[in-house]
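Peer 1: Generate coordinates for the entire structure from the input sequences, incorporating the hints supplied.
Residue numbers (my numbering), protein chains in the order written: chain Y, 1 to 87; chain R, 1 to 354.
Because the hints were derived from the structure by calculation, they are not lab data.
Please note that the accuracy of each hint is not assured.
What the hints assert, rightly or not - Partial chain R-side listing against chain Y, Cβ under 10 Å, derived: (1) 54; (2) 56; (3) 58; (4) 74; (5) 77; (6) 79; (7) 81; (8) 84; (9) 175.
Quantities reported herein were computed from a predicted structural model and do not represent experimental measurements.
Glycine included, every Cβ here is placed at the ideal spot set by N, Cα and C.
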Amino acid sequence: MAVVILRAPLKDMAGGNRELKLDGSDVRSIVRSLEADWPKTGGWILDDQGRVRRHVNVFLNGERVREDAPVGPDDTLHILASITGGS
Amino acid sequence: MRELLVGTKKGLFVLRGDAPGAFDVATRAFEGSVVEFATRDPRTGRYFASVTSGFYGPRLMWTDDPTAEWQAAKGPAFPEGADATLDRIWVVTPGEGDGVLYAGVAPAALFVSTDGGESWSLNEPLWKHRLDGDWQPGFGGLALHSICPWPADPDRLAIGVSAAGVWITEDGGKTWRTGYTGLVPRYMPEDTWEDTNVLCVHNMHRAPLRPERLFMQFHGSVYRSDDAGSTWNDIADGLPSGFGFPLTIDPADPDSAFVIPLTSADDRTTPDGRVRVYSTHDAGTTWTPLSDGLPSRDAWLTVYRQALGRDGEGDDLGLWFGATSGEVFGSTDAGRTWASVAPRLAPVTSVRVA
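Peer 2: Right, here's the structure in full:
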């Protein structure tokens, strides 16, 4: 099972868990596992078409990836919002 | 006790009070997100809020108590394979059928709920028109923002789309036809006026006591239809500008409508630095400025499409609007006098009376 690390507000919607172990063979299926376990996260990371939202970043072992990236059982995913500037 | 639902760029503010000048913030929700629209279904008492996070996208939330926890609805969302992603939920409107509500979204589509707003499905026939019709977005996106049910007839509905005109169904959404005749898109080349579908409806409301009558704020003029939206007559003469976004009606008087003109498409502020609501009580033949108690100088406000709400009717009609300056104004005498309701909220996107 891959390790998924969340930050607020996603962490809050996952029962306050910063770190979870989730099943899945790619980013999309792992996020689907997260949504199944913690329904409040539904729709926050993936859009209607199952794509990672434009302003959400997913890092696989430190490298930014998209929804189709394969994920192994020893991998670590960080899911967090983009850094944005402006007023 | 009145309850105002004020959507802003920084969350939902629920204001409670009896009259303008005496409202308090009862609660604030969705801090940090844009609340595009919030309303309450008077049949069930259920509250809805369209919430858009800049990072995590749009969602529809509902609750039976706005001071308690909100639930995420199942949708609106485009089916996988539709090659569309929900950008924004513009409006939620109770329908005439039991448990039926409608949601208008961007990209322009109509979603329907039959379980009181907990789950939503796409109206496929209208979506097919959108795919086949080369609908063009307005400045604010391709938005289905106005939904006008027909009192006591769940099969009849008119919707307004920016910028794809008026669409009408008389069979519960199985088939749709356009209502374009008479609308003049002066922002397009003149030789396209007759046949373009780039018709930028800004707002549309039906007069419930005479449901074949609709009032429309268009991009550059104000129109009235007396045949359920099939044809339109320009009624902007007498207004300082035909441009604007908010519009509402008096449910007790099919000849009455209210608009808040803005200077122009290029300068979306109140004309001459004066805040004035304009009313008609003769179906648009004449317009009267209503400004007693509203800022009369150095006030260049922008009032968004959904930021004018109402309650009551007739001489006691309540009118409530908010501006991007963060101020909310109200009147409880059909606009004859006004007062500030809340002076310093975040930029206001919508106002509705619960």
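Peer 1: Against this structure, judge whether each hint is valid.
Peer 2: Going through the hints against the structure:
1. With a least beta-carbon distance of about 6 Å to chain Y, the hint placing residue 54 of chain R at the interface is held under the 10 Å criterion.
2. With its C-beta approaching chain Y no nearer than about 4 Å, residue 56 of chain R sits inside the 10 Å limit, and its interface hint holds.
3. Proximity of residue 58 of chain R to chain Y holds as hinted, the smallest CB-CB distance being about 9 Å (cut-off 10 Å).
4. At its closest, the beta carbon of residue 74 of chain R sits 9 Å from a beta carbon of chain Y; the interface hint therefore holds under the 10 Å criterion.
5. A least Cβ separation of about 5 Å between residue 77 of chain R and chain Y falls short of the 10 Å threshold, and the interface hint therefore holds.
6. Among the interface hints, the one on residue 79 of chain R holds; its C-beta lies about 8 Å from the nearest C-beta in chain Y, closer than the 10 Å criterion.
7. Contact between residue 81 of chain R and chain Y, as hinted, is supported at the beta carbon level, the nearest pair being about 8 Å apart and thus within 10 Å.
8. With a least beta-carbon distance of about 7 Å to chain Y, the hint placing residue 84 of chain R at the interface is held under the 10 Å criterion.
9. Using the Cβ-Cβ criterion of 10 Å, the hint placing residue 175 of chain R at the interface with chain Y is not satisfied: the shortest such distance is roughly 25 Å.
Going through the hint list in order, the structure does not satisfy hint 9, though it satisfies all others.
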